[in-house]
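A.B. asks: Below are the chains, spelled out letter by letter.
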Amino acid sequence: MNNNKLTDELLVAFLEGKLSDSEKKEVQDLINQSDANFIKYSRLYASYKQMEQTEFEVAPDQLIEAANKKYGLNINKGPTIEMAQGFDFSNLIKWITNPRTLAFASLAASIAILISIQDPMIEKPEDGRRPVLVRSLKKTNKAESGLAVKSIEGLNVDIRNDTIFVNQPFKFNRTLIVLSGSKKDILFRSDFINIDESFQFSDLSKSDSVYIIIETLGEEVYRNTFYLNN
Amino acid sequence: MSEKSSDQIFAQELCNKDISAIADFQQKNTDELYFIASKFNNRGETGGSWTYHTKTGRPIKVSDSISDTYLWLIDQVFIKSCNYEGRNNATFRTYIFTCLNSKNTFIDWKRWKSPDSLIKYPKKSGYIPRVINILGDIYGKVFIMLSQYKSVGQICSKLDLDELECLVMQNKIEVELIKDGKFHLLYRPPITQTDPNSDEDGDDNIRGLWVVDDDMKIDLSLELKEFFIAIHTLIDKLAKGQKRILNLYWTEGMRIDDIYDIMIDNISYYDDITLTEKEDINRIINKSIYDLFSDFNSDFSHLASAYSIDRKSWRNIIRCTFELYNYKN
Numbered sequence: 549m550n551n552n553k554l555t556d557e558l559l560v561a562f563l564e565g566k567l568s569d570s571e572k573k574e575v576q577d578l579i580n581q582s583d584a585n586f587i588k589y590s591r592l593y594a595s596y597k598q599m600e601q602t603e604f605e606v607a608p609d610q611l612i613e614a615a616n617k618k619y620g621l622n623i624n625k626g627p628t629i630e631m632a633q634g635f636d637f638s639n640l641i642k643w644i645t646n647p648r649t650l651a652f653a654s655l656a657a658s659i660a661i662l663i664s665i666q667d668p669m670i671e672k673p674e675d676g677r678r679p680v681l682v683r684s685l686k687k688t689n690k691a692e693s694g695l696a697v698k699s700i701e702g703l704n705v706d707i708r709n710d711t712i713f714v715n716q717p718f719k720f721n722r723t724l725i726v727l728s729g730s731k732k733d734i735l736f737r738s739d740f741i742n743i744d745e746s747f748q749f750s751d752l753s754k755s756d757s758v759y760i761i762i763e764t765l766g767e768e769v770y771r772n773t774f775y776l777n778n
Numbered sequence: 087m088s089e090k091s092s093d094q095i096f097a098q099e100l101c102n103k104d105i106s107a108i109a110d111f112q113q114k115n116t117d118e119l120y121f122i123a124s125k126f127n128n129r130g131e132t133g134g135s136w137t138y139h140t141k142t143g144r145p146i147k148v149s150d151s152i153s154d155t156y157l158w159l160i161d162q163v164f165i166k167s168c169n170y171e172g173r174n175n176a177t178f179r180t181y182i183f184t185c186l187n188s189k190n191t192f193i194d195w196k197r198w199k200s201p202d203s204l205i206k207y208p209k210k211s212g213y214i215p216r217v218i219n220i221l222g223d224i225y226g227k228v229f230i231m232l233s234q235y236k237s238v239g240q241i242c243s244k245l246d247l248d249e250l251e252c253l254v255m256q257n258k259i260e261v262e263l264i265k266d267g268k269f270h271l272l273y274r275p276p277i278t279q280t281d282p283n284s285d286e287d288g289d290d291n292i293r294g295l296w297v298v299d300d301d302m303k304i305d306l307s308l309e310l311k312e313f314f315i316a317i318h319t320l321i322d323k324l325a326k327g328q329k330r331i332l333n334l335y336w337t338e339g340m341r342i343d344d345i346y347d348i349m350i351d352n353i354s355y356y357d358d359i360t361l362t363e364k365e366d367i368n369r370i371i372n373k374s375i376y377d378l379f380s381d382f383n384s385d386f387s388h389l390a391s392a393y394s395i396d397r398k399s400w401r402n403i404i405r406c407t408f409e410l411y412n413y414k415n
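Residue numbers (my numbering), protein chains in the order written: chain X, 549 to 778; chain B, 87 to 415.
Simulated from the structure, these hints should not be mistaken for lab results.
Glycine is no exception: its CB is placed at the ideal position from the N, C-alpha and C atoms.
Some clues are possibly wrong.
To be verified - Here are the simulated DSS-like cross-link-like pairs (lysine-lysine), alpha carbons at most 30 Å apart as the crow flies:
#1 X:Lys-553 / X:Lys-572
#2 B:Lys-196 / X:Lys-597
#3 B:Lys-311 / B:Lys-244
#4 B:Lys-326 / X:Lys-572
#5 B:Lys-90 / X:Lys-566
#6 X:Lys-754 / X:Lys-618
#7 X:Lys-566 / B:Lys-258
#8 B:Lys-258 / B:Lys-326
#9 B:Lys-244 / B:Lys-103
#10 B:Lys-196 / X:Lys-618
#11 B:Lys-311 / B:Lys-236
#12 X:Lys-597 / B:Lys-125
#13 B:Lys-329 / B:Lys-398
#14 B:Lys-114 / X:Lys-618
#15 B:Lys-364 / B:Lys-311
#16 X:Lys-597 / B:Lys-329
#17 B:Lys-114 / X:Lys-617
#18 B:Lys-199 / X:Lys-754
#19 B:Lys-125 / X:Lys-617
#20 B:Lys-236 / X:Lys-597
#21 X:Lys-597 / B:Lys-103
#22 B:Lys-373 / X:Lys-597
#23 B:Lys-244 / B:Lys-258
#24 X:Lys-617 / X:Lys-754
#25 B:Lys-125 / B:Lys-90
#26 X:Lys-618 / B:Lys-199
#27 B:Lys-323 / X:Lys-566
#28 B:Lys-103 / X:Lys-618
#29 B:Lys-199 / X:Lys-617
Said to hold, decoys possible - Covered stretches of chain B (in silico footprint by chain X; criterion: 3 or more residues with CB under 8 Å from a CB of chain X, positions within the stretch not fixed):
#30 98 to 110
#31 113 to 122
#32 155 to 161
#33 177 to 183
#34 254 to 262
#35 326 to 334
#36 338 to 345
Next comes chain X alone, as it looks inside the complex (with noise of 0.2 Å):
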């Protein structure tokens, strides 16, 4: 320790543990020397316990695009250290017990039994599985940034207010799987086989963005974002 004051960073390498022991002294010697010195310890100290315990929600792309406008940027937010480490089991736990996501999940199931008793001459996939959930998210994050719309041909989707529709060129089995903009959440996932379909939220508007998938027998056959706000 070249000096005896207090500077912001001496005291982050003291709550680091990246002092020896005669500077871990020396800096508590300072600490305590004056009230001013223990306040300006005191409210690091809980602003840096703070951010290592805190979970970080996903930042709306609106922040992030201001920035880059205000700076002449021209970035997407990358997929975040989790996602990009592998897929997290606790966020799939959280997902499964939120209560919108069990709205969501009687509300597909019940389009789909709907459907299997309206039309019983529906082709069946061969392989009736479907895809299951972390693959599709880890694809999503492979295609991560500079997307462009990728749809096979004939297969279109249309957020109007808070509806989704989706047209498609014949009857078939596919999946509509409904991301946050940051690509992070699953919002919405249902199977569909009508030419015409249609989802309807109750406050898809509210979102900035959304990021669409369609998946037949498991391969992604169509992505898009769509921002909401704009």
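The hints should help you fit chain B onto chain X, whose structure is shown.
C.D. replies: Chain B in isolation, oriented as in the chain X frame:
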């Protein structure tokens, strides 16, 4: 000359507002910046009824204030990066976010938000506390005018009251506010040497001074002035450990857990307190209030009998005295 670390180089690039460094910083840390921006816009507090995120994970539309704060924080990153020297092996990322999330930056932010760069306390409104309301309409009017820094003479003239009658009302209002722990609505204490907000930042700039305009001096009754002098005298006599705990708890608004961790790490510097568990912090707070109350009754018995203050009111008074150094508008 030693080689610069990657943290030092990155900090220097941010200090120079290098575009690629800004892009890199934002890409990796946008969620943390969003958290701090949200926290600042919620009075610098976390927990309680406020949560900055949606439980559903659904993106939320942010207010202009949060968006402006987010950009202001990025500007602060440039400034604080210039102060990072990499001397004591502090990690740059920890350094920058510990500083940004701290109360010092919060005070700077409040100053930035204020049109004249001054932090005002308390914020005035037409609010009349319940304890004044129940005294009658005329007391409400006198209270509003007192809180607008009108003199007793002006109030008498405006409300067509006799001066003596007005002084009696003023004192009654003061007494009721004191007992209810709301005397900050009328009273502004002077800055003392222990005022934590007169702290200096790394550039030796005084931060967070509480500013009182000359034309906003309140016409307090002599009795009330005497009362406050008595309280400050008692608090000044408190032992160092006790006073610091009360400061952290009420002035800084910290949680018991954090106070315990801070105090236990430095316990050898205090001979007036002993700590073995977190609950001891609560005990010390309660004991300090009890001791202050006993001293008040013995050293200022005439005030104690004049104001008929009970234990509960006394706790409110001490809490307010410490909170008044805070900028909780």
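A.B. asks: Is the straight-line distance between the alpha-carbon of Lys-597 of chain X and that of Lys-329 of chain B 30 Å or less?
C.D. replies: Since the Cα atoms of Lys-597 of chain X and Lys-329 of chain B sit roughly 23 Å apart, the hinted pair holds (cutoff 30 Å).
A.B. asks: Does Lys-618 of chain X lie within 30 Å of Lys-754 of chain X when you go C-alpha to C-alpha?
C.D. replies: Status holds; Cα separation ~24 Å.
A.B. asks: If you count the residues of the region 113 to 122 of chain B with a beta-carbon closer than 8 Å to a beta-carbon of chain X, do you get 3 or more?
C.D. replies: holds (count 8)
A.B. asks: If you draw a straight line from the CA of Lys-199 of chain B to the CA of Lys-754 of chain X, is it 30 Å or shorter?
C.D. replies: holds, 27 Å
A.B. asks: Are Lys-236 of chain B and Lys-597 of chain X close enough, with their CA atoms no more than 30 Å apart?
C.D. replies: Cα-Cα ~45 Å, so violated.
A.B. asks: If you look at each residue in the region 338 to 345 of chain B, do at least three have a Cβ nearer than 8 Å to any Cβ of chain X?
C.D. replies: holds (count 3)
A.B. asks: Keeping to a limit of 30 Å between CA atoms, is the pair of Lys-103 of chain B and Lys-618 of chain X held or broken?
C.D. replies: holds, 12 Å
A.B. asks: Lys-244 of chain B and Lys-103 of chain B: Cα distance at most 30 Å?
C.D. replies: Distance of about 57 Å is beyond 30 Å: violated.
A.B. asks: Run the distance test for Lys-258 of chain B versus Lys-326 of chain B: straight-line Cα separation, threshold 30 Å.
C.D. replies: violated, 35 Å
A.B. asks: Below or equal to 30 Å on CA atoms is what counts here, so check Lys-364 of chain B against Lys-311 of chain B.
C.D. replies: violated, 37 Å
A.B. asks: Are Lys-196 of chain B and Lys-618 of chain X close enough, with their CA atoms no more than 30 Å apart?
C.D. replies: Cα-Cα ~22 Å, so holds.
A.B. asks: Is the straight-line distance between the alpha-carbon of Lys-326 of chain B and that of Lys-572 of chain X 30 Å or less?
C.D. replies: holds, 22 Å
The earlier numbered hints that this structure contradicts are 7, 8, 9, 15, 20, 25, 27, 34.
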